[in-house]
Amino acid sequence: MTHLDEELYRLKSEIISMWNLVIHQLQKTQVALISLDKDLAREVIANERRVNGMELKIDRDCENIIALFNPVAIDLRFVLAILKTNNNLERTGDIANGIAKYITNLDVPLEENLLEVTQIHLMYKEAIDMLKDVLEAFEKEDAKLARKIFIRDEKLDTINLKASKLVADFIRGNPDKIEQGIYIISAIHKLERVGDQCKNIAEEIIFFIEAKVLKHTSGKK
Amino acid sequence: MEKLKTENVNVYYGSNHVIKNVSLSIQHNTVTAFIGPSGCGKSTFLRLINRMNDYIEGFRKTGDILIDGEDIYDRKVRVEELRKKVGMVFQKPNPFPKTIYENVIYGLRIQGINRKSILDEVVERSLKRAALWDEVKDNLDKSALELSGGQQQRVCIARALAVEPSIILMDEPASALDPISTAKIEGLIYELKKLYTIIIVTHNMQQAGRVSDNTAFFYLGELIEYNETTTIFTNPKATLTQNYITGRFG
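As they're listed, the protein sequences go chains A and B.
The opening position of the first sequence corresponds to residue 117 in this note's numbering, with each subsequent residue numbered one higher.
The opening position of the second sequence corresponds to residue -14 in this note's numbering, with each subsequent residue numbered one higher.
Some clues are possibly wrong.
For each label pair, taking beta carbons as the anchor points, the in silico distance ranges come out as [unchecked claim]: (1) B:24 - A:128: 55 to 61 Å; (2) B:14 - A:175: 38 to 44 Å; (3) A:132 - B:216: 26 to 32 Å; (4) A:255 - B:223: 22 to 28 Å; (5) A:186 - B:-13: 41 to 47 Å; (6) B:48 - A:121: 35 to 41 Å; (7) B:1 - A:119: 31 to 37 Å; (8) A:119 - B:63: 47 to 53 Å; (9) B:213 - A:312: 30 to 36 Å; (10) B:191 - A:270: 42 to 48 Å; (11) B:130 - A:119: 36 to 42 Å.
It should be emphasised that the hints constitute simulated quantities derived from the structure, not laboratory data.
All C-beta atoms, glycine included, are put in the ideal place defined by N, C-alpha and C.
Only chain B is shown next, with the shape it has when bound in the complex (with noise of 0.2 Å):
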């Protein structure tokens, strides 16, 4: 089943064009990498998925954003309901200086949901989906400031499944981690692609080996390949891939 998919999308932040005519289609329960050198548009590209770039001075796009076939940037769609739709994680954690369970159920709050039994069961169904449950559950109080790196981006994950997202974003949110807590967060995007679409900014080509189903090699704003990523790692079709994946690059 289709979830994304975008036609012809152009970016423009005052005269600089960052996103040059793009058009990709991503199915549902899989998990999609981005890759590409710095400033190749591929954040730009995923900011777009949840409307962050809006309020950046001269942003301007052309062409269509489609979830479910519904074009997000319709004058009709409200942002904040579009966001509980698209969950993002950043790449370094970022929870609020908040206890565990007000992070987690953050998201809620703001939707004015307030009853206990429905928030300790948000949490609880967050955390364990985040695979944290086991390591906090005593400690639900404590300051999520006083996790690790890898537990403070797990709750972070926990804090955008709690809307009930069908899409995630990450971008690149395991980079600040080291291998142990990576090692987990790609095993966590492979249980997540059960229930949801996740689309990965990554630097880490063998994290997008591991983690994606489909890769897409942005380069000066333009999508160069969109392929299956096996075959974008054996054997991709477009030179600069291949010299971007292989560490040839220029």
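Extracted from the complex, chain A is given alone in its bound form (with noise of 0.2 Å):
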């Protein structure tokens, strides 16, 4: 193994350590909602310190890689590709902040109804498996597991947009809720970053194992 092939070993292990922990944020603002948790949410909000502690670590190992190495053809295009994805990662952990900012102001838990009629679960677990799966595809060197996000990133922007109306008509119909409204389609607008996030990162990925870019290219991915 060279010296490169090392740095890039180490800088490949520490986006997925950081991957990994913005997995468990975002699973555990999920149990956090159900349940009314704050201090588990709270504990999300302390640990988005430490995703933007690794944000800047891996983006200084980058700059460090580039300077030192000049690393050229896949090499180059593994390091760009991390440092996109380092971004996705550290906005994907700012999404599960958000939530958690939201759940530490809810008084009541989230009614049951309303957590069903606009799927949140399904989103959570759509979402979360979507970061495992784009999180699988860069492990495996896999640009056909990456391709299949982005099919699955429509899921999610159905349940979004179905969710606007769903929530209009809680509202109507609880009146003294307005609150939970709020709070649920924010967090369900936030959960459908999640998925363009996931979109963003399978690019990066195909982008570093076929030298193709598929931004702005819908329909041709």
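Need the complex rebuilt from these two chains, each delivered in its own frame; the hints are there to steer you.
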């Protein structure tokens, strides 16, 4: 293994750690949301600093590798993909942090039926599964698996689109629970963004493996 | 405009087949880098272009090498005339133990040109093109050997430019120089391509990336890949090329 190989391997390990932390952050917000576990939500907020710290470290490591090793071809694409994925994961961490903040503001647990009709659990499952699958695609360098992410993002988009009307109906029927409606629709919108981040990461994985740029090429993926 | 074209070129040193069926085309006003591990044939191929291999024992060539459409190995071609068209700069600066002035006009003296006004003009023009004029214009009578390595190399470039070539061959021109001198030579290559066609052999991958428009990767006498430099260094097509430029060779 060359020195550069070792550095790239270390970089890969670092981003996988960050990835797992972000997945846990999102999973914790789901648990905290159902049971209105404010302590767990606060834990997510506290851990956000770790996510940010990891982002800074990975940024710095990428910069150092480019400056010191002048990577080219697949090595350069790998470092560039990590740089962008790092950014996408940090934003996903921000999403978990944002939802956790909503939870700390709630006074009573969200209505069961509101959780059910908006399909937020399904959304959580999809978002977390997508994050896990895109991680698997990255670890295994599997462009085929990365491509599957694009279709799955549509599922989140659909739930998100329907949610506005469903929440509006809920608020009309429960004018004393407007706050609940606002928090859940905000959380849903944030979860929809997790799908976007996963899609961006999948594009980076394909760029790294196949040297193909898929950004802004909807329909040709 | 196509400046140089090689068609199915093979080179043998005795029974040793050192260049294997190489065909490529080089456009005018471009910089082309030849890269590859030691012994891959890149310097041999470079030296074919001004017929420097002719006197090596056992040298034999098949295939065609055309400059401006003319076969440079045709019997009618005089090697001295060819070398006026095709200048060469070597790895180590090799100024003659003469003044800076005499070094630059060495080729013209050989051609029998002695009129001072012409020689003065050529010295100034060549040293300016070699980005050395401002540093030596008041010391043209100084021995070229007293200059720094980077300056000596630029004297050699000026000497090559003095005979008005259209192609300049450079065999690792900066490998013996410090980073500042290297940067000057690289800057010079970038400027010179506006007037000349430049072919450079380099072991420095980053240098190939910085200075060249196109890159040819040689391995064991074969041209493995020839493409735009950006493609070679971002998405090479051949696994061998990728392994070489990423340092995972073998």
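Confirm or reject the claim that residue 1 of chain B and residue 119 of chain A have a C-beta distance inside 31 to 37 Å. Given about 35 Å between the Cβ atoms, the range holds.
I want to verify a distance hint. Is the separation of the beta carbons of residue 132 of chain A and residue 216 of chain B within 26 to 32 Å? The hint (26 to 32 Å, Cβ to Cβ) holds, given that residue 132 of chain A and residue 216 of chain B are roughly 31 Å apart.
Assessment of proposed distance window 38 to 44 Å (beta carbons of residue 14 of chain B, residue 175 of chain A): holds (40 Å)
Do residue 213 of chain B and residue 312 of chain A keep their Cβ atoms within the hinted range of 30 to 36 Å? holds (34 Å)
Holds or violated: 47 to 53 Å for the Cβ distance of residue 119 of chain A and residue 63 of chain B? holds (51 Å)
Within 36 to 42 Å: is that where the Cβ-Cβ distance between residue 130 of chain B and residue 119 of chain A falls? holds (40 Å)
Honestly, do residue 24 of chain B and residue 128 of chain A meet the 55 to 61 Å range at C-beta? violated (35 Å)
Verify the CB-CB distance for residue 255 of chain A and residue 223 of chain B against the hinted window 22 to 28 Å. holds (27 Å)
Kindly confirm whether 41 to 47 Å is satisfied by the beta carbon distance between residue 186 of chain A and residue -13 of chain B. violated (32 Å)
Starting from the hint 42 to 48 Å, judge whether the C-beta atoms of residue 191 of chain B and residue 270 of chain A obey it. holds (43 Å)
Taking the Cβ atom of residue 48 of chain B and the Cβ atom of residue 121 of chain A, is their distance within the range 35 to 41 Å? holds (39 Å)
Checked against the numbered hints listed earlier, the structure breaks hints 1, 5; every other hint is satisfied.
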